[in-house]
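Residue numbers (the working numbering), protein chains in the order written: chain U, 7 to 267; chain E, -5 to 424.
These are computed hints drawn from the structure, not numbers from a lab. Just to be clear, a hint being listed does not mean it is correct.
[Stated by the list, open to error] Derived CB-CB ranges, DEER-like:
hint : chain 1 : residue 1 : chain 2 : residue 2 : range
1    : U       : GLU122    : E       : LYS12     : 51 to 57 angstroms
2    : U       : GLU33     : E       : ILE350    : 53 to 59 angstroms
3    : U       : PRO143    : E       : GLU413    : 26 to 32 angstroms
4    : U       : SER81     : E       : ILE355    : 47 to 53 angstroms
[Claimed, not checked] Straight-line Cα separation of at most 30 angstroms, BS3-like style, residue types lysine-lysine; simulated pairs:
hint : chain 1 : residue 1 : chain 2 : residue 2
5    : E       : LYS150    : U       : LYS127
6    : E       : LYS387    : U       : LYS135
7    : U       : LYS135    : E       : LYS392
8    : U       : LYS35     : U       : LYS135
9    : U       : LYS35     : E       : LYS387
10   : U       : LYS24     : E       : LYS387
11   : U       : LYS127    : E       : LYS12
12   : E       : LYS387    : U       : LYS159
13   : U       : LYS13     : E       : LYS387
14   : U       : LYS135    : U       : LYS194
15   : E       : LYS12     : E       : LYS150
We put the CB at the ideal spot given by N, CA and C, even for glycine.
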Amino acid sequence: MASPHLKIDGLKVSIEDKQIVRGLDLEVKGGEIHAIMGPNGTGKSTLASALMGHPAYDVTGGTVTLDGQDLLEMSVDERARAGLFLAMQYPAEVPGVSNANFIRTALNARLGEGNEVPVIKFHRQLQEKMKSLNIDPVFAERYLNEGFSGGEKKRNEILQMSMLNPRIVILDEIDSGLDIDALKIVAKAVNDLRSPEVGFLIITHYQRLLEYIVPDYVHVMMQGRIVRSGGRELAEKLEAQGYDWLKQELGIEDETVGAEA
Amino acid sequence: MTEGTSTLASVVQELSRKYAEPEWLKEMRESAWNSYVNTPVVRLEKSDLSKRSWEIENLPLDVQSTASDAVDALVQSIVESGAPVLYVRDGQVVRTEVPASLSQRGVIVTDMHTAVAQHGELVKAHLGSVVRTDESKWAALNAALWQGGAFVYVPKNTAVDVAVHFVHEDTGAGAGIAPRILVVADENSSLSFVEVHVASSEKASGVVTSHVAEVVAKANARVTFVSSNQFRKGPTHFATSRALVHQDASVDWVFTDVGDGYTVGLLESELQGSGSRSTIRALGMGYGRQHLDLTASMLHEGRYSTSDIVMHGVLRGRANSIYRSSTHIFKNAVGAGSEQHDRMLMLDSTARADAIPMLLIDENDVQRCGHAASVGRIDENQIYYLMSRGIPKPEATKMVVWGYLQPTVDAIPSAGVREFVSNLIDGELA
Ligand SMILES: Nc1ncnc2c1ncn2[C@@H]1O[C@H](COP(=O)(O)OP(=O)(O)OP(=O)(O)O)[C@@H](O)[C@H]1O
Ligand SMILES: [Mg+2]
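So that you can see chain U by itself, here it is in the shape it has in the complex (with noise of 0.2 angstroms):
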């Protein structure tokens, strides 16, 4: 397949009636790292969620496409199977339903009728990835992310980016309840699946993160917007210095979508 292209132009987003998201223009490549960062409750979440199609958050305004489709017209399942993925904040546990019969469900979803992976291959695969994501074997039999521990559920996230062949990848705060160790390993795989023919926007509180995924673009969120956008070098400065300079330059007193601008 080509070279993905995701582009994403005014978009405004609501809640419950309530403006988050405030005309946000972004365009990720394939190929790019886009690091998305940003003080809480600034909106970054919410994109994630708008994008992938969530049915409590209402898109009011704006538009987004990937390769020239619309994306906004797509259910979740199509978008998905178009090639977006998108590693989640919280992702839901699902009772009763295995890890495994999820991801090769999916999978086979993706490939389509008459096209599914045979299941031996498939439980290879599967464990060859566990394996190198340093997943305990028994979590293929598990039931989807139910009890599972906090940095259990982010690596489960990233288990299923790489067996799912994504286009456009949105890792929203992978980072977060990972311990060092799982923090490399779920760099690596993320750096293992960076090609021309893949797209990322990295959301992350921290420039740790950024270390082990060398972003090409770093963006910041407040009140809904991208209010700076520049090299790895932004997310040092943030790191460093925290937002207070740039609300001073940009003339900000509350970050959150909230406040008016």
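Once you have looked at the hints, place chain E with the ligands on chain U.
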């Protein structure tokens, strides 16, 4: 009861004659018939039976119509697995397959009529001892009119390691279907019994069916009793299953109903012995205008008796069902403990479910008695999560629902019946 009463009274006599029953049984049927006629129709809290018809014409006395393909396949798969099976259609025994190895060890698996003829004392000692003939109008009806049915006896210190199957097919050819099951597990024995009640065609409306199962688990016996049903619309279905659990014995119930019928069901363990334990896992998949009024009940009489109830209901269409879990810890049941978990999922906005937990504790010195009940819709976040990986919504819904039901289906110790029940559920989730 209208004009049908006198003719039906003669049906009771005809049954006794047909099966050449001994005097004690004939009397039992007649007295049951009297209590059936004389017991007023009750109004249950959530099921107004006074509006239901109690007609029981056309009691089938001969094998009628042929088996459906699904039932044929099921029976065949059980036979091929080497497990014993009794196949009854419309009250008439059509097939009995019992491996000789079982009989050689003194295990009895037979239809109730043969049991009465060949093991009269054993049947007489237990029939009606767990579900009394006059305890309800429908128990009386069954005691008066039962046909076919299954009898299992496991001698002391005997483990039956293949599940005993009872396939009961209701073709709708006759009304008044009243199967009766009697299972006696003697001391230190073990048994799995799997009953499948299949409705193989549309049912006439306005009739009544009554199922009764009695289980006696003597000291240290372990019984798994599975009742997989398809209570279909038309009749009023009653199902009464009760176990008497003696010292250190255990009874594990698995109940499934995939149907659209009007059904009043009771699953109950009388935990009489000290150290006795019981579990109930119930699954209901209701569609159409299903009205399932199901009670799972634990009566703790024995010291240190323990129980666990888990009920999962999935409701579609205009199904309107009630799941009660009831635990009663009687005085002197020191150290008894119980858990209840009920979870109802409504798939359509027109469906309705009630989960009613009941806890009655007369003894102060008990272990933890927990209960949790919830009624709701499928968690949108779960569906979203599955869809976000490319799984279409209908399949995602199916996976989440199966997530609830799978553990109960997996608890059925019979591959053939698991598949049969799975297919029924899949059919309703399609
Ligand atoms: N489901 C929801 N219901 C109500 N308010 C919501 C919901 N989701 C988000 N919000 C609100 O929208 C705002 C932005 O939330 P969002 O989760 O997008 O922030 P974030 O930038 O991801 O923050 P964090 O860094 O803490 O993850 C917050 O004020 C939050 O309370
Ligand atoms: Mg967030």
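Hints, verified against the model:
1. Our hint of 51 to 57 angstroms for GLU122(U) and LYS12(E) holds, since their Cβ atoms are close to 56 angstroms apart.
2. Taking 53 to 59 angstroms as the suggested C-beta distance range, the pair GLU33(U) and ILE350(E) conforms, at roughly 56 angstroms.
3. For PRO143(U) and GLU413(E), the hinted distance range of 26 to 32 angstroms is satisfied, since their beta carbons lie about 28 angstroms from each other.
4. Checked against the hint of 47 to 53 angstroms, the C-beta distance between SER81(U) and ILE355(E) comes to roughly 50 angstroms, which is consistent with it.
5. At most 30 angstroms may separate the alpha-carbon atoms for a hinted pair to count; LYS150(E) and LYS127(U) exceed this at roughly 49 angstroms.
6. Proposed proximity of LYS387(E) and LYS135(U) is supported: the alpha carbons are some 27 angstroms apart, at most 30 angstroms.
7. For the hint pairing LYS135(U) with LYS392(E), the CA-to-CA distance comes to about 27 angstroms; that is within 30 angstroms, so the pair holds.
8. Straight-line distance between C-alpha atoms of LYS35(U) and LYS135(U) comes to about 26 angstroms, which keeps the hinted pair within the 30 angstroms bound.
9. Using a Cα cut-off of 30 angstroms, the hinted pair LYS35(U) and LYS387(E) holds, with the two alpha carbons roughly 29 angstroms apart.
10. Of the supplied pair hints, the one linking LYS24(U) and LYS387(E) holds, its CA atoms being roughly 27 angstroms apart against a limit of 30 angstroms.
11. Taken as a hint, the LYS127(U) and LYS12(E) pair is broken in the structure, with Cα atoms around 61 angstroms apart against an allowance of 30 angstroms.
12. For the hint linking LYS387(E) to LYS159(U), the alpha-carbon distance of about 23 angstroms falls within 30 angstroms, and the restraint holds.
13. Taking the CA atoms of LYS13(U) and LYS387(E), the gap is near 26 angstroms; set against the 30 angstroms cutoff, the hint holds.
14. A C-alpha spacing of about 12 angstroms is found between LYS135(U) and LYS194(U), which places the hinted pair at or below 30 angstroms, so the restraint holds.
15. Note on LYS12(E) and LYS150(E): the hinted pairing is violated, with a Cα-Cα distance of about 33 angstroms set against a maximum of 30 angstroms.
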